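A.B. asks: Below are the chains, spelled out letter by letter.
Number of protein chains: 2
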Amino acid sequence: MQLAAAGHEVTALDNYLRRQIVEASNSEPLIESPDLVERSRIFEEAAGRTIDVVIGDCTDYQVLSETFARCRPDAVVHYAEQPSGPYSMSSFDAARLTINNNLNSTFNLIWAVLEHAPECHIVKLGTMGEYGTPNIDIEEGWLDIEHKGRKDRFLYPRQAGSLYHTTKIFDTDLLWFYVRMRDLRVTDLMQGPVYGVTTTEAELDPRLRPNFHYDDIFGTVVNRFLVQAVAGLPLTVYGAGGQTRGYLNILDTLQCVDLVLQNPAEAGELRILNQFTESLSVNELADRVRRAGRRLGLDVQIGAISNPRKEAEDHYYNPVHTGLLDLGLKPHLMTDDVLVEMLQLVCEHRDRIRHEIVMPRVRWGT
Amino acid sequence: MQLAAAGHEVTALDNYLRRQIVEASNSEPLIESPDLVERSRIFEEAAGRTIDVVIGDCTDYQVLSETFARCRPDAVVHYAEQPSGPYSMSSFDAARLTINNNLNSTFNLIWAVLEHAPECHIVKLGTMGEYGTPNIDIEEGWLDIEHKGRKDRFLYPRQAGSLYHTTKIFDTDLLWFYVRMRDLRVTDLMQGPVYGVTTTEAELDPRLRPNFHYDDIFGTVVNRFLVQAVAGLPLTVYGAGGQTRGYLNILDTLQCVDLVLQNPAEAGELRILNQFTESLSVNELADRVRRAGRRLGLDVQIGAISNPRKEAEDHYYNPVHTGLLDLGLKPHLMTDDVLVEMLQLVCEHRDRIRHEIVMPRVRWGT
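In order, the protein sequence lines correspond to chains X and G. The first sequence runs 1 to 366 under this note's numbering. The second sequence runs 1 to 366 under this note's numbering.
What the hints contain is simulated information worked out from the structure, not anything from laboratory work. This structure is a prediction, so every number in the text was calculated from the model and none was measured. Be aware that one or more of the hints could be misleading.
Note that identical chains are pooled: a pair holds if it fits in a single copy or bridges any two copies.
To be verified - Cut-off 30 Å, straight-line C-alpha distance, at most; resulting in silico cross-link-like pairs (DSBU-like, lysine-lysine):
| no. | residue 1 | residue 2 |
| --- | --- | --- |
| 1 | 310 | 330 |
| 2 | 310 | 148 |
| 3 | 310 | 151 |
| 4 | 148 | 330 |
| 5 | 330 | 151 |
Whenever a hint applies, use it, and build me the whole structure from the sequences.
C.D. replies: Laid out in structure tokens, this is it:
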């Protein structure tokens with residue numbers, strides 16, 4: 001919507017996979033959201049701009065190939081992946097779906113670009129989760145290594161905490177291979193967890209709001225804590241709560257995509273940018289939600305529970321994130337005002353909160 | 001056959017995928033080879049030991065699951081992959097088959113072990129090609145990195161030269177993930193190109209010989225050079241010929257598998273061993289074949305051709321390979337005697353040599 005509003009010709013291709021597995025996982029979002037065709041119609045009414053919607057599966061090469069043959073795009077933003085870590089850890093079938101959907105979508109995209117639009121700039125959604133939590137500083141995608149008196153530059157070593165995040169490592173390996181062999185132009189945006197409900201389009205019509213998942217499988221920890229705060233449930237800190245990640249306002253996600261589209265990667269370049277604006281531990285996040293809740297008269301409790309995941313609960317975390325700032329990113333930080341605004345939205349929909357989908361339903365290692 | 005001869009109960013599971021794509025690629029081996037069922041029968045007659053043969057596809061979970069449920073093996077040796085770099089670079093369909101076959105076989109194997117034999121030692125065929133040709137020494141799978149005054153240990157950075165080799169990187173990422181999450185026992189044998197035609201079983205009956213491919217797609221450079229020497233064709237050095245790899249006699253491949261089975265990895269351990277015995281450049285290999293040919297009165301010419309691959313033709317290469325020596329490996333090196341014996345076998349079958357499948361049919365980057 002942002003790109004269409006700015007005057008670009010936009011085609012959106014989706015097969016509703018996330019919607020289907022959200023439903024199959026009993027993980028409905030807090031706020032109902034119209035489907036893509038309907039959102040496109042609402043957007044056209046509100047903004048006077050059209051988005052061409054194609055309903056199809058990116059793992060079917062014909063679908064991608066025909067779309068690329070018709071559009072010959074200058075750029076493609078690749079979000080066509082199963083995005084939930086807990087879902088990928090929930091069963092054999094979910095794991096297999098995640099691997100095959102994510103890797104085949106990426107593979108087909110590469111070939112559609114090679115076949116129909118070789119100059120097309122591929123903007124790939126990566127994730128900070130690919131790096132895991134190493135004991136050294138996390139650089140932006142690459143690492144200069146000196147070993148026994150000799151030097152080379154490598155992809156920064158990756159070691160992820162869920163199968164989903166591991167599939168994003170496959171994507172990186174695959175894209176980097178074809179960048180070297182076929183001179184693709186690729187920008188990999190290593191995104192941290194995103195929060196926020198306000199966008200320019202949501203202000204046009206509330207039905208154009210971003211999705212708001214709060215359950216244990218598709219929700220982020222931010223949304224889960226906000227919903228628990230409103231519902232009078234203790235914030236479920238997993239284990240010691242020292243797990244630290246880089247967070248990002250959805251306004252900045254949109255800004256970042258716009259900035260890299262305006263400044264494309266070179267042919268034969270895999271440009272990797274760490275896309276977050278501030279690092280927070282789970283405990284710090286819980287404290288912020290409690291503080292914001294107090295402004296609305298909510299008495300927010302924090303309650304640690306045993307960690308359903310296998311992960312470091314107290315670790316070093318110092319990732320570089322200067323690349324997007326250098327391109328012009330103006331961060332919107334997670335202030336109390338932002339959290340209060342989100343809490344207010346949750347309050348409006350509090351009757352839809354389902355307590356039973358907030359607690360962990362998926363355990364790592366079983 | 002070696003394991004059955006030593007008294008182990010052996011089940012072999014294969015779907016003849018390699019045979020099928022060898023045929024579809026017009027890449028028949030120099031020497032005809034009976035199928036697995038027939039080889040098992042010949043072996044039983046010659047050695048008095050049975051091998052249980054199952055014809056089935058490892059990408060079909062039911063097949064693997066039923067086999068594991070029945071056998072509950074102490075160890076599994078995983079060779080169930082599409083193994084040709086050039087094939088993986090030959091078309092969209094070949095690339096997609098390579099990715100999906102290799103990753104789904106590995107994925108299903110992991111789950112069959114978890115479901116039916118969680119203590120089973122997985123011996124995985126890796127490849128030295130996963131490392132590529134970095135400008136620093138190649139360690140055995142792992143690298144200790146010091147960065148800005150802090151330290152951590154990582155999977156050695158991988159950057160492969162074909163899509164096939166890239167799928168082996170996916171395998172490593174996937175196995176390492178489930179080792180961490182589910183305490184699998186895994187040994188990854190990072191094998192270099194294998195040569196040799198003599199094994200204990202081949203001495204029982206020549207129909208039990210290893211496969212001998214010499215074409216550009218399934219053959220190794222060693223076999224191609226031997227066939228060219230016998231056929232009076234110049235040895236086709238790709239480009240400058242400084243491409244250096246670690247080679248291995250098939251007798252040592254068998255020894256290595258035996259050694260690691262006798263010394264399994266611990267639960268929760270991904271043990272990575274570099275499996276080769278000597279490093280040679282393509283030019284050095286060509287010189288050796290010429291020298292061995294002279295002993296048989298062959299006048300061997302060497303002719304460089306433009307490189308069909310995208311690869312470094314002159315590079316640093318210093319990989320560590322002490323792990324298997326420490327376990328007891330006694331190397332059989334590539335002496336003139338070994339090459340002469342292979343040349344003699346090729347001479348016996350010289351009327352089957354097809355000149356048209358020796359030159360490159362697949363080019364990288366098109």
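A.B. asks: Checking an output row: residue 330 and residue 151, CA cutoff 30 Å. Within, between, both or neither?
C.D. replies: neither (35 Å within a copy, 33 Å between copies)
A.B. asks: For the identical chains here, do residue 310 and residue 330 meet the 30 Å Cα criterion within one copy, between copies, both, or neither?
C.D. replies: neither (35 Å within a copy, 41 Å between copies)
A.B. asks: From the Cα coordinates, with 30 Å as the cut-off, is the pair residue 148 and residue 330 best called within, between, both, or neither?
C.D. replies: between (41 Å within a copy, 28 Å between copies)
A.B. asks: Treating 30 Å as the Cα threshold, decide for residue 310 and residue 148: within, between, both or neither.
C.D. replies: between (34 Å within a copy, 28 Å between copies)
A.B. asks: Since the copies are identical, ignore which copy is meant and state whether residue 310 and residue 151 lie within 30 Å (CA to CA) inside a copy, between copies, both or neither.
C.D. replies: For residue 310 and residue 151, the Cα distance is within 30 Å only across copies (22 Å; inside one copy 34 Å).
Of the numbered hints given earlier, the model fails hints 1 and 5; all others are met.
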